[in-house]
Every structure is written in C-alpha cells, then in structure tokens.
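Trainee: One line per chain: the protein sequences are A and B, in this order. 441 is the number that this note's numbering gives the last residue of the first sequence; the numbers go up by one with no jumps. 459 is the number that this note's numbering gives the last residue of the second sequence; the numbers go up by one with no jumps.
The hints are simulated quantities; they were obtained by calculation from the structure and are not laboratory data. From a predicted model like this one, the values you see are computed outputs, not experimental measurements. Beta carbons are placed, not taken as given, at the ideal position from N, Cα and C, and that holds for glycine. Misleading hints may appear alongside valid ones.
[Claimed, not checked] Label-pair ranges, simulated between beta-carbon atoms: (1) I447/B to G332/A: 37 to 43 angstroms; (2) L320/B to L301/A: 55 to 61 angstroms; (3) H122/A to A388/B: 27 to 33 angstroms; (4) N165/A to M85/B: 55 to 61 angstroms; (5) G292/B to G387/A: 49 to 55 angstroms; (6) S349/A to L98/B: 26 to 32 angstroms; (7) A314/B to G332/A: 58 to 64 angstroms; (8) P455/B to P286/A: 25 to 31 angstroms.
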Amino acid sequence: MASVEAPAKNVTINPLKLSQPLGGATAFMGLDGCLPMLHAAQGCTAFALVLLVRHFREAIPFQTTAMNEVTTILGGMDNLETAIVNIAGRAHPKVIGICSNGLTEARGEDIKGDLKLIRAKHPDLADTALIYAATPDYTGSFQDGWAAAVGAIIDELVHPAPGRNLRQVNLLAGSHLTPADIEEIRDTVEAFGLAPIILPDISGSLDGHVADAYVPTTLGGTTLDDIRRMGRSVITLALGLHMEPAARRLEARCGVPVETFPRLTGLLAWDRFIAALARISGKPVPQAIRRRRSQLLDAMLDGHFFFGEKKIGIAAEPDLLFTLANFLADMGCTIGAAVSPTQNPVLESIPATRVVIGDLDDLEQAAGDCDLIISHSHGRRVAERLGTIFFPAGFPVFDRLGAAQRLSVGYRGTSDLIFDIGNLFIADDAEGGEHAATTSH
Amino acid sequence: MLQHKLQHLFEEPACATNRAKDDKARKKGCGGKPLTPGNAAGGCAFDGAKIVLQPITDAAHLVHGPIACEGNSWDSRHSKSSGPMLYRTGFTTDMRELDVVYGGEKRLYKAIKEIATRFDPPAIFVYQTCVTAMIGDDIVKVCKAATERFGRPVIPVNAPGFIGKKNFGTKLAGEVLLDYVIGTEEPEITTSTDINLIGEYNVSGDLWNVKPLLSRLGIRLLASLTGDARFHEVTKAHRARVNMMVCSQALINVARKMEERWGIPWFEGSFYGVPETSTSLRTIAKMLVARGADAALIDRTEALIVAEEARVAAALAPILPVLQGKRALLYSGGVKSWSMIAALQWAGMTVIGTSVRKATEDDKSRASALMGEAGELYENLSQRDMYAKLKNGDADILLSGGRTQYVALKAKVPWIDSNQERHVAYAGYDGTIALLKAIHKELTSPIWAQVRTPPPWED
Chain A
1 MASVEAPAKN
11 VTINPLKLSQ
21 PLGGATAFMG
31 LDGCLPMLHA
41 AQGCTAFALV
51 LLVRHFREAI
61 PFQTTAMNEV
71 TTILGGMDNL
81 ETAIVNIAGR
91 AHPKVIGICS
101 NGLTEARGED
111 IKGDLKLIRA
121 KHPDLADTAL
131 IYAATPDYTG
141 SFQDGWAAAV
151 GAIIDELVHP
161 APGRNLRQVN
171 LLAGSHLTPA
181 DIEEIRDTVE
191 AFGLAPIILP
201 DISGSLDGHV
211 ADAYVPTTLG
221 GTTLDDIRRM
231 GRSVITLALG
241 LHMEPAARRL
251 EARCGVPVET
261 FPRLTGLLAW
271 DRFIAALARI
281 SGKPVPQAIR
291 RRRSQLLDAM
301 LDGHFFFGEK
311 KIGIAAEPDL
321 LFTLANFLAD
331 MGCTIGAAVS
341 PTQNPVLESI
351 PATRVVIGDL
361 DDLEQAAGDC
371 DLIISHSHGR
381 RVAERLGTIF
391 FPAGFPVFDR
401 LGAAQRLSVG
411 YRGTSDLIFD
421 IGNLFIADDA
431 EGGEHAATTS
441 H
Chain B
1 MLQHKLQHLF
11 EEPACATNRA
21 KDDKARKKGC
31 GGKPLTPGNA
41 AGGCAFDGAK
51 IVLQPITDAA
61 HLVHGPIACE
71 GNSWDSRHSK
81 SSGPMLYRTG
91 FTTDMRELDV
101 VYGGEKRLYK
111 AIKEIATRFD
121 PPAIFVYQTC
131 VTAMIGDDIV
141 KVCKAATERF
151 GRPVIPVNAP
161 GFIGKKNFGT
171 KLAGEVLLDY
181 VIGTEEPEIT
191 TSTDINLIGE
201 YNVSGDLWNV
211 KPLLSRLGIR
221 LLASLTGDAR
231 FHEVTKAHRA
241 RVNMMVCSQA
251 LINVARKMEE
261 RWGIPWFEGS
271 FYGVPETSTS
281 LRTIAKMLVA
291 RGADAALIDR
301 TEALIVAEEA
311 RVAAALAPIL
321 PVLQGKRALL
331 YSGGVKSWSM
341 IAALQWAGMT
351 VIGTSVRKAT
361 EDDKSRASAL
371 MGEAGELYEN
381 LSQRDMYAKL
391 KNGDADILLS
401 GGRTQYVALK
411 AKVPWIDSNQ
421 ERHVAYAGYD
431 GTIALLKAIH
441 KELTSPIWAQ
451 VRTPPPWED
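Isolated chain A, as found in the complex (with noise of 0.2 angstroms):
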C-alpha cells in the first residue's frame, strides 16, 4: 500500500498531465465513421491534432466550434450548430463526438440543452449521432476524458432490449490499451467462440493502415449497430479501473453485471481473464493459449536475471501507472519513484511506498536513483538529464515509430515487455550481458 502524497506546488514544471478533452476525443476515435470535434476555440484541437497525429503517425479528422473571445461571451450555441451543419454536410459522419473544455463548461454552456434545440431545427441531422462529454480541462486527465467519453457514449446510445446474447461479451477498452493491444484482447475473446464488442475500438481505426481512398471521418472502430446491442450481452468486462464506471452505468440501465479487470498485463494478471473467458464461453482454454502461457512462464525465468532488485521511476496516468508498476514488481523491481497527473483510488494499491501526484520535474527529483524511467515520451529529457536509460510509454509516445502497434497485454504482450525493457538493462550494463551468457550456457 502506496501513501498517496500532492506536493504543495504553485506551478507545474515540465508537465505529465494532459487534457481531458483530449482524451475524450481520442476516445470518439473508436467509433467507426466518427468526426471527434472540440467545442472549444480552434487552438485547443490544433494543440491535441499534433499529438495524435505525432503519437499515431495517421491523418487524424478532428474539427473545432473555433469560439472566440466574442461567442464566448454571447454564448456557444450559434458555433456549436455551425459546426455540426457544416461537418454533417461535408464530411457525412455517422456520429459526431463533442468535447467540451474548461472555456466552455466554466462558462456554464449548456451543451445537452443546445443539442436538442440543434435537433429540433435540423430533421435532416435525424441519423447522425450526436454524443456530447463533458471535459473541462481543470480537472481531471487523459484517462478520465476517455472514461467520460466512453460513459456519454453509452448513456446515448445503449438502451434496454428484450432477451441476451450469451455469445456476446461486452468489452470497455481503457485508455491505456494500444491498438494492438485491442487486436489481441478480440483474438483471445474469439478464441473461446464468444462474439465481443469492443468499446471503443482503436484497433480499427488507428492501427494504421492504408485505405484506398480519402476519408473525412474514422474508417473502422466499434459500430453504432453494435453499441445499440450492448445492452442484450451477457456480461460486460470493464478493461482498467477507469472502465467501470461506465460499465456500471450499463449494469443499472440494462442489467448486463460487470467484471472488472484493472490490468492485463502479467501471468496471473492475464491468467485471470483467461479463467472468466473459460467460465462465461463454458469451453476449455485452447491449446494455442496454453503454449504462449507456458511461452510466457519461459521468458519470465530467462528474463528475470535482468529485473531482479532493478529500480524503477514512472510517471503515468493511473491505469497505466498501476499496471506497469505492478508487472515490474512481478519481475522483482522496486518502483523507486511513482507520479501520477491526478488523483485516483488505484493510486493506493500501487507497489511502492509512495505515489505523488505530480509532474515530471516530481519524478526527475524522486529518480536520482533509479535505473530505468518510464513515461511518455516528454519523459526523455528527465532521463537524459539524469543518465538513466529511458523506456516511453502510454500517451503521446512520439520518439519511437509503431506505437500503435506495442503489444503489453496477455501472455504475448507480458512477454514482449520482458524482452523490451529485459534488452534495455542488457545493453545498458555490460555485467548483465556477461551475466546472461553465464547463465544461458
């Protein structure tokens, strides 16, 4: 059990914390034909459009109700149906996905009552879907704009319906899930015969991937068709802490109970997932599951030599902090120094002594000691400064290419870490290259 400390600070030094709405958005990147917009001036999409398109390295469709200093003090509302005439005429999105920030909330815009009067004058808007999260920038992070997205996402569309699926497995992706990550969640759920639905899907639409022609919205992620079926499957499976919220709002409102499962990296982590798709399919676990766990128990005893007692500096969103942190403790690090951008219950059960909520200039003053850093890619510069070997990960990962495509989930993702970071430590310590050979022969 972590003591969770907030450091008395008037300013944040090298930030850690990015902004709800941004989350939000990427969040609405998970449905299919989707255009995510900002309601906001036009600089806050700008700003998050180079991070997604530098962390993706994909064309990323995003618009903005441009408010300026004038509508925000006659009120948003003229700005707000501008964008959604001109985007549903030009770029015919099947859902727009709106984002509020701390412009318009603190002006006390009133979004919801806006969308209806928007509706009502506008018939021939009747089958695009129009979702609206609250995401003021003032609070909250990253993952919390994703949770709040995925949460208005299913209060819109997802309604009570008559009879179950039981084949069919609801699933809510957390923020800290890489598309690949997503691909092989849906394997490992199919492989057990069951049909998932995916919320939100990354997979589909920011895996990268080359089309044959422009596209103005997302191409791929989860479909509204699908979503509206949520509400008949036979579970829902909230994929990080941050998920169960929304799942439960789905629990209250349909009647589909809820596993939560605040990570999916590691043996046991993995292995308890494994055992849920086994008990909700009724199917044993396939053999090809079986060898990559036994795949998995191998790379841990040849990759263990190389963590044993290694300590650790992370700075991340919650989710992602706690997962990390609790597979390097797995494979005997010490967490050193653990930041987090906010506040959040998870922080508690972290495996060190202390989790600060904090910046990155908090981690370079907690990891003087540490041999590996791990954050986003802003991180590097801490690493740099202090000689450490650095490892970049969660949002935006922009100093590496194939983000999209890093596998950290299941028996496979557990495995490919150990090598990851396993072959950062043996390049950066020639004794544990020696080390290795000695042990191996």
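Could you slot chain B onto chain A? The hints should help.
Mentor: Then chain B, alone, in the frame of chain A:
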C-alpha cells in the same frame, strides 16, 4: 487595453493587406475572414505568441491556464539553443476548478515566485489563456507586482487563444517585445555592421547556417528575434543599423516600429534557396554601406556569394539530374510560399502549386510570377482535394507540415517536412544543400515501387 492594442494591430500600415487600403478601409481591420466552426484548422493566438517568444532561451515561459494550453503543446517545437535550456522547460499554473471559481492571480504570483527562486532566469514571460482571460485574471497587474518584488522583468503576454489565429498572436508577441524588451538596455559597443534578424526562430538550427556567413562578411548579428536569443541581447536590438525581416507577415509591426522609434531601415527577405540567400546577403551589405559601413563590404559579399554558389553547385552536381523536371506541391505558409519555389526551381524542379493561406498579397504575386501559368495558388486546399491530386499523380513530392504528412503518405507519394516541426535546417547555402539532398533521398527511396505494387493475388 487589449481592445486598443488589437485595433491598433488591425490597422498596421505596413501590413501588406493594409498597404492597398485607404484609412477608412484600414480601420475595419485586417483580422482576416472569421474562422468557420466545423471547418477550421490551425493554431491560435497563444500558439503564435509562444512561437515568437519561446526561442528566447534563457527566459522562463509560464503559461497561465488549465493544463491543455501547455500540457498538450510543450516540447513540440524544434527551435534550437546553443546554450541555455530553460526555454524548453514547460511551466504552467495548471489551473484547477477552484482557481477558476476564485480566480488564479494568487496562484500565478506564487508560480512566478517559485520560478524566480528556483531557476533565477533573467526574465519570465507570462502567457494569458482563454479561461484565465474569461474569468478576468489581471496578468498585467500580477506581472507588475512580480517585476518589482523579484527584481527582474516579468512580462505579460496578453494573447489568449480565442482572440484570433496564430498570425495574430505573433504580432501581439511583437508588441510585447516592443513594449517590454527592445530598447530597455544599451549595448556596450556598437559597430557599423550591426544587424538584427526579425522572425528567424532557429528552427532545427536554421540560424546557424546563416550566422557564419554574416561573420565571414564581418557583419555582427546584434540580436536575433528570437532564434537562439538571450534576453539581454534582445533588449539591445534597437541599436542595429539594419533589420532584416525573415518571415513576411509575422513580425512586420516590430520592423516598422523599430524604424519609427529608432530609425532602423528594414527589408523583407528569406534564406531559403540559393537565389534568395544571395539576394538577402547583397541587400544587407548594400543597406549597411548606405548607412555608413565600409564600402568594401559589398565586394566581400559578392566574393562570398560567388564562392558559396560554386560550392553549392559542386555539392549538388551528382543529384541535380535526378531532381531535374520533378514536380513538387508546396503546402506551407507565408514567405515560404514563394521562397521555396525559387529554391526548387533553381534545382530544375517544377512547382505545380503552392498554398497561400498565410501569405500576403506580395507573397502571392511573387509566387505567381515564379511559377508562371502552370502553377496554382491555393487559398484553401482541402485534404480531400490534396489527396485526389497526389493520388492522381499530379506531383512527385509534397513539401508540407506534419498535419498533411499522412495525406501524402496514404496516397503513397513522397513527402518531406518543410515546417517548424522539421528536424533539418534548410536555411542558407548549407540548408539548400540539405533540403535538396533530403528531396533526392525521399524521391529515390526504394519503398515507393514496392508499396505501389499490388499483391500477386490481385490483378
């Protein structure tokens, strides 16, 4: 106060758009077309202000607002420093809900105090943002109190994002330099060949391709506004003999007002491409001599141009046959809309079109004259149309910024970065060599033939 400043900037008489107007038309402003909700792209005024001021490397840059403004944008520009790194540290008051309710002035003051105590910078720039502007935080007042209390300039930058586009923010930042920085200190010595470069931000080290040329000519760069600048250099910029304005729109108010206040003549030029680099050096020399520098400077300059142009030609000789006749599409802003055309044409390439989104009327006519009838000017080329052009094979390469990078790549068309996020310096003679070599490397990559080959199981 801010409204007054805004009106004043709208009326900027040297602004290319305004030059063509009478006094009455000018009063109506030059803010450009209002943004279209749902069909807008690009940065805000805060972004523009930060682009101009952040390259002052030894200053602290503190953003007063909620996390998005700094948290989503810091550490993404490649303006380089030869020394201090403080400018790369992201500082923000990271306003929380209670600060929004009760006002953030106290938090801001304490933030300034922490920065002054811990980092001891020569100056602190404080950036206003939309939310703090809306709730009425008076950053001018806070900065004034902090300047007195902490014994160094604490400078308010009143350019919240929602007042306009990026270009407007750059001008507001120029006003900040004029109001709070330039002319506040005197240089120890001055020379007859002191110049300033205005609007050169040392992106990926552009300035370092130019500064050695100036040194070889015996020209002293008194201040760079603001690439690789130190705060106490910028304060002394008013003693230069000539100003060169490197990026046409962005800081025109600075060049004009420095002429008005201190009698410094200025010209507009570019260091992109061989022809423009040579022209700019010639103009600097000529203007300095006109103001009393030794006339031999002109001969030295001509000699350097001859030598450098020969050097560039020799360095590029092996690759020019490949570039010959290749068609480029330019999607860039302002001065680059035409200076890049000249740079590519020098290498025998054809430019099929250029965007003139952020360009002045002057920029447009220059671009048009250079390209001739074959080249198009795009006020607003949509991504869909750009994709269609590229997919159709209208161009062999796209030169643009990161936001349109994937339009080209998804159409399986070569691309290189010509914007501020790029990692290679393209200014000056060495920059021209680097640019054309980069284009050559991209055009001759073996991947293009492979990715365009359909799989064997398709026709």
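Trainee: Go ahead and decide if the range 27 to 33 angstroms is satisfied by the Cβ distance of H122/A to A388/B.
Mentor: holds (29 angstroms)
Trainee: The hint says 49 to 55 angstroms between G292/B and G387/A; measuring C-beta to C-beta, is that right?
Mentor: Since the Cβ atoms of G292/B and G387/A sit about 52 angstroms apart, the hinted range of 49 to 55 angstroms holds.
Trainee: Using the beta carbons of N165/A and M85/B, state whether their distance is inside 55 to 61 angstroms or not.
Mentor: holds (58 angstroms)
Trainee: Starting from the hint 58 to 64 angstroms, judge whether the C-beta atoms of A314/B and G332/A obey it.
Mentor: Taking Cβ atoms as reference, A314/B and G332/A lie about 59 angstroms apart, which means the hint holds.
Trainee: Using the C-beta atoms of L320/B and L301/A, is the stated range 55 to 61 angstroms upheld?
Mentor: holds (58 angstroms)
Trainee: Quick check: does the Cβ-Cβ distance between S349/A and L98/B fall within 26 to 32 angstroms?
Mentor: holds (28 angstroms)
Trainee: For the pair I447/B and G332/A, does the Cβ-Cβ distance stay inside 37 to 43 angstroms?
Mentor: holds (42 angstroms)
Trainee: Is the gap between the beta carbons of P455/B and P286/A within 25 to 31 angstroms?
Mentor: Check passed, 30 angstroms falls within 25 to 31 angstroms.
Violated hints are absent here; each numbered hint is respected by the structure.
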